[in-house]
Structure formats: structure tokens, C-alpha cells
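Protein chains: 2
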Amino acid sequence: MGKKIVIIGGVAAGPKAAVRVKRLMQDAEVTLVDQDSLISYGGCGIPYYVSGDVADEKELRSTSFHMLRDEFFFEKAKGVRTLTSTRAIAIDRTNKTVTVENVQSGEQGKLEYDQLLLATGSQPVILPIPGNSLDGVFTISDLHKAIEIKERIAKGQVGKAVIIGGGAIGLEMAEAFTDLWGVETTVVEFMDQLLPKAVGWTMATILTKHLREKNVEVFLGEAAEEILGEDGRVVGLKTSKRTIEADLIVMAAGVRPRAQLAVEAGLHVIPNGGIVVNERMQTSDPAIFAAGDCVEIVHLLTGKRFCAPFGSLANKEGRVAADNMAGIPSTFKGGVGSFIMKAFDISIGAVGLTLKAALAEGFDADVSLTSPSDRAHFFPGQDIVCFEMVFDRRSRRVLGLQGVGPMNDALSARLDAAAVALANSATIEDFSNIEMCYAPPFSAAIDAINAAGYVAENLCDGRMRQIGMADFYSWMDDYSSQPDWQVLDVRHPKQADPLVEALGEQIWMSLPYEQVRDRYEELPDDRTLIIFCNAGSRSYEIQVFLDSVGRKNTLVLPGGYNVIRRMGASWLP
Amino acid sequence: MGKKIVIIGGVAAGPKAAVRVKRLMQDAEVTLVDQDSLISYGGCGIPYYVSGDVADEKELRSTSFHMLRDEFFFEKAKGVRTLTSTRAIAIDRTNKTVTVENVQSGEQGKLEYDQLLLATGSQPVILPIPGNSLDGVFTISDLHKAIEIKERIAKGQVGKAVIIGGGAIGLEMAEAFTDLWGVETTVVEFMDQLLPKAVGWTMATILTKHLREKNVEVFLGEAAEEILGEDGRVVGLKTSKRTIEADLIVMAAGVRPRAQLAVEAGLHVIPNGGIVVNERMQTSDPAIFAAGDCVEIVHLLTGKRFCAPFGSLANKEGRVAADNMAGIPSTFKGGVGSFIMKAFDISIGAVGLTLKAALAEGFDADVSLTSPSDRAHFFPGQDIVCFEMVFDRRSRRVLGLQGVGPMNDALSARLDAAAVALANSATIEDFSNIEMCYAPPFSAAIDAINAAGYVAENLCDGRMRQIGMADFYSWMDDYSSQPDWQVLDVRHPKQADPLVEALGEQIWMSLPYEQVRDRYEELPDDRTLIIFCNAGSRSYEIQVFLDSVGRKNTLVLPGGYNVIRRMGASWLP
Chain G
0 MGKKIVIIGG VAAGPKAAVR VKRLMQDAEV TLVDQDSLIS YGGCGIPYYV
50 SGDVADEKEL RSTSFHMLRD EFFFEKAKGV RTLTSTRAIA IDRTNKTVTV
100 ENVQSGEQGK LEYDQLLLAT GSQPVILPIP GNSLDGVFTI SDLHKAIEIK
150 ERIAKGQVGK AVIIGGGAIG LEMAEAFTDL WGVETTVVEF MDQLLPKAVG
200 WTMATILTKH LREKNVEVFL GEAAEEILGE DGRVVGLKTS KRTIEADLIV
250 MAAGVRPRAQ LAVEAGLHVI PNGGIVVNER MQTSDPAIFA AGDCVEIVHL
300 LTGKRFCAPF GSLANKEGRV AADNMAGIPS TFKGGVGSFI MKAFDISIGA
350 VGLTLKAALA EGFDADVSLT SPSDRAHFFP GQDIVCFEMV FDRRSRRVLG
400 LQGVGPMNDA LSARLDAAAV ALANSATIED FSNIEMCYAP PFSAAIDAIN
450 AAGYVAENLC DGRMRQIGMA DFYSWMDDYS SQPDWQVLDV RHPKQADPLV
500 EALGEQIWMS LPYEQVRDRY EELPDDRTLI IFCNAGSRSY EIQVFLDSVG
550 RKNTLVLPGG YNVIRRMGAS WLP
Chain L
0 MGKKIVIIGG VAAGPKAAVR VKRLMQDAEV TLVDQDSLIS YGGCGIPYYV
50 SGDVADEKEL RSTSFHMLRD EFFFEKAKGV RTLTSTRAIA IDRTNKTVTV
100 ENVQSGEQGK LEYDQLLLAT GSQPVILPIP GNSLDGVFTI SDLHKAIEIK
150 ERIAKGQVGK AVIIGGGAIG LEMAEAFTDL WGVETTVVEF MDQLLPKAVG
200 WTMATILTKH LREKNVEVFL GEAAEEILGE DGRVVGLKTS KRTIEADLIV
250 MAAGVRPRAQ LAVEAGLHVI PNGGIVVNER MQTSDPAIFA AGDCVEIVHL
300 LTGKRFCAPF GSLANKEGRV AADNMAGIPS TFKGGVGSFI MKAFDISIGA
350 VGLTLKAALA EGFDADVSLT SPSDRAHFFP GQDIVCFEMV FDRRSRRVLG
400 LQGVGPMNDA LSARLDAAAV ALANSATIED FSNIEMCYAP PFSAAIDAIN
450 AAGYVAENLC DGRMRQIGMA DFYSWMDDYS SQPDWQVLDV RHPKQADPLV
500 EALGEQIWMS LPYEQVRDRY EELPDDRTLI IFCNAGSRSY EIQVFLDSVG
550 RKNTLVLPGG YNVIRRMGAS WLP
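Protein chains in written order, with numbering that gives the first Met the number 0: chain G, 0 to 572; chain L, 0 to 572.
Read the hints as simulated data drawn from the structure, not as lab findings.
Computed from a predicted structure; not experimentally measured.
Incorrect hints may appear among the rest.
[Claimed, not checked] Taking lysine-lysine pairs in the DSSO-like style, the calculated list, with each CA pair at most 30 Å apart, reads: (1) G:LYS551 / L:LYS3; (2) G:LYS240 / G:LYS208; (3) G:LYS2 / L:LYS551; (4) G:LYS196 / G:LYS149; (5) L:LYS95 / G:LYS551; (6) L:LYS149 / L:LYS213; (7) G:LYS57 / L:LYS493; (8) G:LYS75 / L:LYS551; (9) L:LYS159 / L:LYS75; (10) G:LYS57 / G:LYS144.
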């Protein structure tokens, strides 16, 4: 018999490592332990199971060839001894044993290991507010919870739901509740925008508008203060601003690494954080590896450790751990935080840092906001994707890319290319020259990702001066804050006129793009002109021209009407 | 007045450079010259104009804000002097002038330049066969030709068409003819596969099958020998194997750089090839730049120069040329040959080298063939993408990625990520760890691109031994070529049995995956077992297991039934 390998945790990293290490060392005795009865499931698929897109929870735990990944599958097909409903309760590093306990019988036993993998995952944050243990309060922590939620909805027990937390899981659940089941759903987010860690305010505002159009109520900047109950069951949520009726509440306020076992074993763990591993996924004990949501990985842009609880990374980390347990010196160098989600008819996603995060990290950061077509603008079905590309002005390194697009793979294509580029320390100029495959049904001759690079170059080199979208919105709410500002709309009068009429020429004036070279002297020169078009490119061109004739008091509104239309505004006619 | 900039060629690189250089130097006198009356059009959109997807040719020459990009647009909106119907006939490098001629009046003149850009594009190869100038023989060289073809079809003058050449333009035209207009269309390709420069035989075979299902006849390995005419009009094509009736013939046998002007000016030009430029798009005369289809760029994998006639690269090259004319030291480092096209309901594309090209370049090349899902396999609407990843066994560098997928952006997303990776000299291991953004509606937890890396690792390290798809097909056509081979189908008996029945157990035997560990001793040990499943992953797992019990005489058929079903075969029940 070969090495004894014990793997604790059976969702993503654990099973991946188990089958890989078994393939690499067929003589190894590989034991997979999980406290749950259901293992090896696609946790990210839970919202689609709840929505009904995925009819049966078994689909989430089946292979692509429709075989159920239960303990028998792992034993028979994979040669991996699999102990479900078995909790690991202690690690004895000296004697290299793990004490396990059957969660039904309470029976205990010891598993010997030569090498151990901790793949204990993450656990949802439970907000310490009154009522948090009432019947009807859920976290999305495992498949059982998902099954129970779906059953309640299917039985008609849920007319109104509240999601606490505007992160990905919460929003995916909101869609599931609303779209198929018609549950009146409200999302309550403590921060002043949705997805605060992933995207900037502009992208988040587009998302908020879309959710509201799809009948999801969204309250931002509101703290959940108390969960209200009657007879032990949830009836509502009291926030810092209002009370919301609810038959069901999902706490989706983030996850934390499940690292207690590692802490108790004396391994190096970040306080209140994840297990520390090296590039080989080895913990501070060389015989113990860790992978998946329970570890902290290196952020390739900041060099700092961070938690990246994604099933995709868990699989990669699990595979690298398995390789190293089998003597193959594989490495996992870190991540750039690739993220994407579906929200009804749109996609929203990100890689790298937001502007806010980049500034907080001390970068000399700025952002290019663009709104190009996702494919040739003459191709039927083309749509707009809005992008924010964050870069460092000093080093010209690209730090992040966030975007919102239609519900297809156009956004993910750009994020994926960007992820590879970021991991290779790409500069703005590198982005300008990324060789996206081109044909009109798939992309534009100047691809969105290149265009983002172009704009960033122009900003970095001082050829383009812009106004931030948030500043523009502030001013539109209160003109007196900048009494000498005026919008110069260079779009066709058919597009500009409704705004000129609604807001008055002192706020919004029109001069078509192609007439500016002949008529620029008509423009006022005693105020700051905010140049406005559909996407920002005509505005930039006009700014450059006006600079050349000495009219330098202009700012471009990047992204233009394409972005504003998607964000919405009370002043839009 | 500032610098005098003359730009010859007004389709893609030329206009891009003209407007960029004007923006960078508003005081420059920029003159754009083109022999055609129509300029700045999306040439890659021509097939979609012919098909009717794009209703009006003007859409191909309009901005995203619906302004026609004609000479007035360039003058008024861009400040670029624009001379259409004006041919550049000679360059006087000593006196820095270009002699131009009005193609209608024959009137000649001279344009002075401080800097000159050649963006003269490419011209289609005219096959030197009898009948090549008959009425009804077309190339897709400009918009006028496209307009004439569409008119003939719309008037009902084209019942049958033949496309000579199975490259991208030919196939896109074949789709345009067949799909909307119902023209009986035949593609004749000299090589033994479609897209011979872009993809390998397996991917091309999938494409051929799909085209035939869509009523495009495809003849491979056939030379066009004579175009047959009556009364000066095309009536058919005689090939090396048959005569095909046709009212219209499109010669789509490739393009050549249009470099005559550069040759006559004594610039460094590859014989029968493109203009040689440095990273700044400067020719051998530092005052003369060149960009677009007329130049040869550096292939980032081979280091050699090659022609890459893509509108996307033309725009990038034009921009870099403009930067350098304006004193900004931008560089264009080369390309990896990103390519994609739509063919009815599928997408097919490539980056880097095919296996054949890699072997010809002297690499120790091999290929991993995979057939994963384009998104989570449980997500509604998921589909299969087939990939060939080419790599060098010695350096473990990835050399290319080719694929066929459904008609969405799933393939382009992987190709785009791969293009960035290839340009950064990525290894197989780098591909295994590319951080694709993950959510079930967009991708799988183990993304297709990572899976391709995994398989390549296993091949490179000798853990997986495979049989090439072409070798497998040869054997299926003639079992006697390898009398000791036998297929071991490890899929569910429901899937395997029809093949066992059709071909006999001596050729095709069944033993389900999950039973192999218990029943492997039943397997014959006197022959080579070709292990077969849906995608190749179960086959690999079984191979590894059989190795561990001393049964080492096995080969995996990579990609499995997913690929074979798409390729088609006479022996498939």
C-alpha cells in the first residue's frame, strides 16, 4: 500500500484533489471526509436550482455524463474511500492522525495520514442581530438549505422575501425568487451600492436600475437591524430606515473561511481569515495542505493575501495540492479576482481592482469609462457593454476591468482576456494591442478591450480630461454646486434637443459634432463645457480640437449617453 | 501649418491613422488618398451585406452614430483632406512627393509629404485558369463587387454558385448565398480540408459536416482547372474531378499584399509578399510608414514575418503608425494570428499554430483534443466546444489553440484569453491556471481552457497516451491496418451497445466506466485497447487505472464521442 492521504471537505477542492491524487498515485489510500451527506456539488449552481432552471438538485451533483457524484461513485469509479456525514474534529500533527466523528451516531475514530488536505471551505456570515435564528431565516451554505428554500417557495409559503446583502449570491437568489416564482423580493445592502467589492458605483448603478425594472426592490445604505418574528417565524426585517414584510429572509452578507480546525491544530492562519499556504498549497506544516475557500491566496496586483471563494479557484488549488502530494512540483501563484454574474438580462463582472480599491492600495489610480458595441456595430443583435478600466498613472499598469453587458458571453470574453493580461502585469499599451479574434458576428475591428486601452492612454498622456460620472450626477442634482458648468451635447439635434428643452440651454446646449470645426466660435468661453455624446469618443475628438483653438476649458463625460441611459436619472426626459 | 502627412489607402489602417494623427497634431495637414470612391468600410462585413443581415452597404461605411464615413465626413468632422477616386502612382522619396492621378479624369498632380503612410491593403489572388475573366467571375475585393453580386442574386440571376477556396471569406460567402438566398452553392478547396491554414483536420471536418448539413456542397482536394462560359458568361467550373454548373463564381483563393507602389519606390518588400516594417510600422525609409494588409508583421510564436490581413490588426497598426508620425514612440510587436468566423450555427476559430504548422516549424509539437461544455454542464442551453491545443513537448510552451463551438461567444472568449497567454509565452501549466471568470451561466468550474491545459500536462508527462483522430478514422475505414486494435467503450451500455451491435465485439466492446476497477480482468490483454467515452476524461482515468494493474497496452481516443458525432462517420449507427 502506498501513501495515506486524508482529505477533509468534499465540495470542490477536496474531491478534485482526491481524484487527482488517486490518479497520480494509484497505490495511495485516499480518504475523503465530509460532515455532510451530500458532496461534490456545484454550489454556484444553487440559485439556478432554486429558480428552477436546474430542475433537480441531483443535477448539481452529477457528472457531465449524468452519473451521481455520491460516496459510491467516488469509491467505485474513482477508487477513493469516501466518508460522508463524518466530521473531522481534531488533527494530531505529531502522530499524523485526524479524529473524526459520525454526525449521526457520534461514533469517533482516527484516520492516519501521511499527507492531509484541508478543504473545509467557507461559512456564511451570520449577522449578530435579534431574530437571526427565527424559522425562515436562511443562509446559502449548503444544498440542504437550498432544497428547503425551494420547497417552501414551491408550497406557496413565500410571498415576500428579503435578501440581506447585495453581493453575488444575494442577487442571484433575488433573481431566482422573482423571475420564476414571482416572490416579492427586496435586497437590503449596507453599503451605498450593490457589489461594493467587485465593481464601481457607475456599474453598480446600472445593475440597480436593471434589478428594479425586473421588480426586485433595492435599498442601499441600509443596515439590517432586527429580524421580526411571530410565533417563532419570520414576518419582516427592520432596517435603519424602514420595516419590510417578509416570509423568508436570506442572509447573504458574505462568507468567512472555515479555518477553526486549522487554528486548533496550530497552523498559521490569518486572524479571522483564511489558512496561509505557499505556492504549493502547503500550510505551515509541510505534511498538511489546504485549498479552496478556506485559504488565502496572493492577489497578483497587490501582492497581499485575500480570500477568493470561487469554485473555479478551488478546483485549481485542489489540483495543485494533489500534484504536490504526489511529488509533482506544481504551483498556484495567486489570483486577480475574476468575477462574473448573470442578473436577469444583463451580465456584470470584474477582474482586478476597482478604482476605490486601487486608491486605497496607494496606487496613482484613474479609470477609463467606455461604452462600445459588443460586436460590429452593423451586425444584427449587437449591444453595448459598459467598461471601467482602472490603471496606475505612474507605472501605466492596468489594475482592473469592470463591466456590465448584455446576457451573453461578450463581457466574459473581455474579462478573461483581461485576467490573463493582468496576471502578466500588462500596461495600458498592452491592452491597446490585445489581439482579440475578429469577425463582425463576434467583435468590432477595434475591440472593446482595445478601446479601453486607447482611452486610458489618452487620459494618462493628458490628451483627454474627463469628469467622473459621480461628479456629473452630483452636479445634475444641484447645478449651483458648479454654476459655471454647461453641457455641450455634440450628438444629432434629434438626440440632444429633448435634453435642451427639458433642462434649458444654460445647462444643456447642442452643437452637432460635424459642425464644431466651423462654428466653435459660437461656444461660450466663460464656462466649463462638459462635452457629451453617445459613447465619449466624439466628445474626446471635440475636446482635442477645441484645445487646438485655445478653448481648453472643457471636460469629456466618458461613456456618454450609453452609460447614462443604463444608469437612469430623474432628469432624463 | 504643421507637418504634411499623406496617407495612401482609405479602408481600415489608412483612415484610422489619418484621424489619429490629426487628433495628435491638429496643425498637421493630413491628406487621405484612395483610388476608390467608397472608403472606410468594414470589409469583413461584406458577407453579411450580401446575405442581407446588413440591409444597406451604407451601414458598412457608417459610424456607430449613423454618420456616413465619406470624404465629406473626413473633411468636416475629422479635419482630414480626403481625395477619393485618386490613385497614387509613384513615390519620389528624394523630393518627398507622391504623384497621384484622378481615376476618372486622368488628371495628375503631386502631393508633398513630410511623412507618408502606405495603407494600400491586399488584393485577391486571381487564379491563372482559363475563363477567369468571364462575366460572372468575382473576387471579394471591394464594396462595388459586393454590391454587384447582391444585385445579381436579388434579381434572380444566380441559381447556382461556386466558391473557389475554402478559406474564411469563401465560406462566409457560401453561407450568405445559401442561407438567405437559397442559391445552390458549392465550395471547391484544393487542399484536403477547409481552413487549411487556420485549423487542423479534426476541426475542419466538423465544419465540413456542418456546411453539408446546411446544403453547402463541399469538394476537398480538388483543383479548379477551368471556368466554363457561354456567350462570355460563366456557366460552370471544371475541376480536377468533375464539372459543376454555376451562374456565378467567387474566387476566394487568398489575398496578397498590395505592395507594388512600395516595390517601385525601392522600399524593402518581401518578394511576392508584404512591406517590411519595424515595430514602429516604419519601412526601410524612415519617413515612410506602412500598416494594414500590405505589411508583414512578426509572428510572436515563430519570430518570422507573416501576412495577417485582418481589419482588427490594420486598425492597431494604423494607430501605432500615427503615434510615431506624431512623435509618440508606440510599438506594435506582432501577432499570434487570432481568427474566428461564423458558419451557420457554429463558430470556428484559432490562435497561434496548428499542429501541422508547428511541426513544420520544427517544434516538438503535440496536441490535446478536448470537448468540454461551454458553461456549467447543468446550466440550460449549455453546449460542447471542441478544442485542439498545440504545445511543444520540450519547452512546454503552448503554440496554438483551435476550436469549434456553438454560435455564441464561448469560443471567442477562450481564444481571446489564449491570445493574450500566447503573446506572453505561456506554458501548458499557465493555461491550466488561467483565471477565467466563473458563474454557471458563463463557464464551468473547470473551464475549457484549463481542461485543455490539464490534458496537455498529462500528455507531456507521459501519464496519458493517445491516438490521433485521423489515425483512428483510418483504422475504422480499414481494420486490417491494425488487426490487434479494439475499442473499449466505457460509456453507459445504452450509448455503447448500438456501436457494439453495428461493428461487432471484436471491434467495439463495452465495459462501463464504474465497473472497470472490479472487472478489468475480463479485458483482453493480447491487443491494444482504444478507450472511448464522451469527452476523453473517463478514458484517461481508465487508462491510468489499467496502467496501475499492469495493463499498459491502451490508447485514449481524446475528445471521444462529442467530437466524432460532430465530425460524422459512415460507421456511426
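Of all the hints numbered above, which does this structure not satisfy? Sort the numbers upward. 5, 9
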